[in-house]
Each structure stands twice: as structure tokens, then as C-alpha cells.
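Please take these sequences and the hints and turn them into a complete structure.
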Amino acid sequence: GQSLEQPSEVTAVEGAIVQINCTYQTSGFYGLSWYQQHDGGAPTFLSYNALDGLEETGRFSSFLSRSDSYGYLLLQELQMKDSASYFCAVKRGGNKLTFGTGTQLKVEL
Amino acid sequence: GAVVSQHPSWVICKSGTSVKIECRSLDFQATTMFWYRQFPKQSLMLMATSNEGSKATYEQGVEKDKFLINHASLTLSTLTVTSAHPEDSSFYICSAFKQVSNNSPLHFGNGTRLTVT
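Residue numbers (my numbering), protein chains in the order written: chain Z, 1 to 109; chain L, 1 to 117.
Bear in mind the hints are in silico, worked out from the structure with no lab data behind them. Where hints are given, some of them may not hold.
With a Cα cut of at most 30 Å, we get these calculated BS3-like pairs of lysine-lysine [claimed, not checked]: (1) K98/L x K20/L; (2) K66/L x K14/L; (3) K96/Z x K66/L; (4) K64/L x K96/Z; (5) K81/Z x K106/Z; (6) K55/L x K14/L; (7) K55/L x K98/L; (8) K106/Z x K41/L; (9) K96/Z x K20/L; (10) K14/L x K41/L; (11) K41/L x K98/L; (12) K106/Z x K64/L; (13) K20/L x K66/L; (14) K81/Z x K41/L; (15) K64/L x K14/L; (16) K98/L x K66/L; (17) K96/Z x K81/Z; (18) K20/L x K55/L; (19) K64/L x K41/L; (20) K55/L x K66/L; (21) K14/L x K106/Z; (22) K64/L x K20/L; (23) K41/L x K20/L; (24) K41/L x K66/L; (25) K64/L x K98/L; (26) K98/L x K81/Z; (27) K96/Z x K41/L.
Laid out in C-alpha cells, this is it:
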């Protein structure tokens, strides 16, 4: 079966750095993506890692270790608007994405 | 702006009736679209892959006769929830890739919140 595990909830203060981990076990792997979803809204794409290492996009960075079946999303200089749910997702064959359990991030003043 | 449009954004229906949800790709052709379902505070679960001009492929455990998918054109896929029951109440979201490359993002519609009474 497919399994992507994330912490259910993370709380941090504005301006801080937070890391959201994702461990996966899937049949087929082409890459790991991260999506952000605000309450009631559609998921939006943040980043994608096909190879091991760190990808940086502004305040967000994503890391992948294929040998460890592990990745993380790093959010820097947290802002209140970053409060949302974050999902990792594995890209499998047929361009299908399997999503992780999701992490609710709460940013406090 | 929006890349994928979904309609309606919310619908309330009575138990036993059918509901149709439309998903359109804007300014690009989508031979494949993906339908997800999301229960409150839970993850997105892939229901089926909609293929233009051919039958949809359903994920394990998803009833194809209950969730009818039609992909009649390169820009439109529809999901019909037949004989809806309260347990079908959920957030249904369609999605498509605008480009077929490794790092291209999956674009989601704004979702349809279905409530079956």
C-alpha cells in the first residue's frame, strides 16, 4: 500500500523557522511535492524534489533523501498567512499524486 | 489566475438524488484529470483518473457505478455522484497538469462541498 506520514500539527511564532517532515512508503516514486491548503480552499503547489538535496524557493525550501524515503519542508520567516495545512505528495506512475496525512501549521504572534 | 475551474462550489441535495460536478481546464487541454475527495481535517484521497475519450480508472475501493466520470472533451470532465447518501458528504476536488514535465505542478479547482441531507 501507500503511506505518507506527517506530524498532525505544528505551532510556531511569527518570524520563526519551522520544519515539516514527511516519511513515505509507496510503490513507484518519481518525486516528492509539497502543497499548501488554507481552510476551505484548494491546494496550491509549493515545491517539487525529484533528486536528493535541497530546493529553495523564496522563504520555502524542500529537502529529499530517497535512500531514507524522507523529505521535509522548511518555512522561514514565518508569517501569519502561513497558517494552513501542508501536504507532501509522492508522484507515482501515470502522473498520480498520493498525498500525505497533512500537517496543520499554526503561526502565533 | 485560475487554471482549473470547478462548478458548483457547493451543493446541498437530498438523499437518493444525483449530483453532477463539472471541472474545466482553462486555456489548456487536459487529456487527463484527477478527482480527489477530502473529508474534514483529512488528506486528499485520489478517487479516479479521468481520461479524455476513454473510461476512467478508479482507485481501489471507489465504486465506479456510484461515482460516474465522463471526460467528453479535452477541457471538461464531470463527476456524477449517483444516489447520494449522507456518507457521501465531502469536499470533491478536481485537478490537472497544465504541462507534462517532472516538476510541473498539479493545478486544483476550488472544490465542491457536497452536503447530502
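Does the alpha-carbon distance linking K106/Z and K41/L stay inside the 30 Å limit? OK: K106/Z and K41/L at ~14 Å, within 30 Å.
Q) Does K41/L lie within 30 Å of K81/Z when you go C-alpha to C-alpha? A) holds, 19 Å
- Query: Would the pair K64/L and K14/L pass a check requiring their Cα atoms to be no farther apart than 30 Å?
  - Reply: It holds: about 21 Å lies between the C-alpha atoms, which stays within 30 Å.
| request: Mind checking the alpha carbons of K41/L and K66/L for me, to see if they're no more than 30 Å apart? | output: holds, 24 Å
>> With the threshold set at 30 Å, check whether the alpha-carbon distance from K41/L to K98/L stays at or below it.
In response: Status holds; Cα separation ~28 Å.
Measure nothing beyond the straight line between the CA atoms of K96/Z and K81/Z; if it is 30 Å or shorter, mark the hint as holding. Holds, at about 29 Å.
Is K55/L within 30 Å of K66/L, Cα to Cα? Answer holds: K55/L to K66/L is near 14 Å, not above 30 Å.
Check your understanding: Keeping to a limit of 30 Å between CA atoms, is the pair of K106/Z and K64/L held or broken?
Key -> violated, 38 Å
Check whether the Cα positions of K96/Z and K41/L lie no farther apart than 30 Å. holds, 22 Å
Exercise. Would you mind confirming whether the straight-line C-alpha gap from K98/L to K81/Z stays at or under 30 Å?
Key: holds, 27 Å
Pair hint K96/Z and K66/L, alpha-carbon separation not exceeding 30 Å: Given that 30 Å is the threshold and the Cα spacing comes to 22 Å, the pair holds.
30 Å Cα cutoff - pair K96/Z, K20/L
holds, 23 Å
Checked against the numbered hints given earlier, this structure breaks hints 12, 21; the rest are met.
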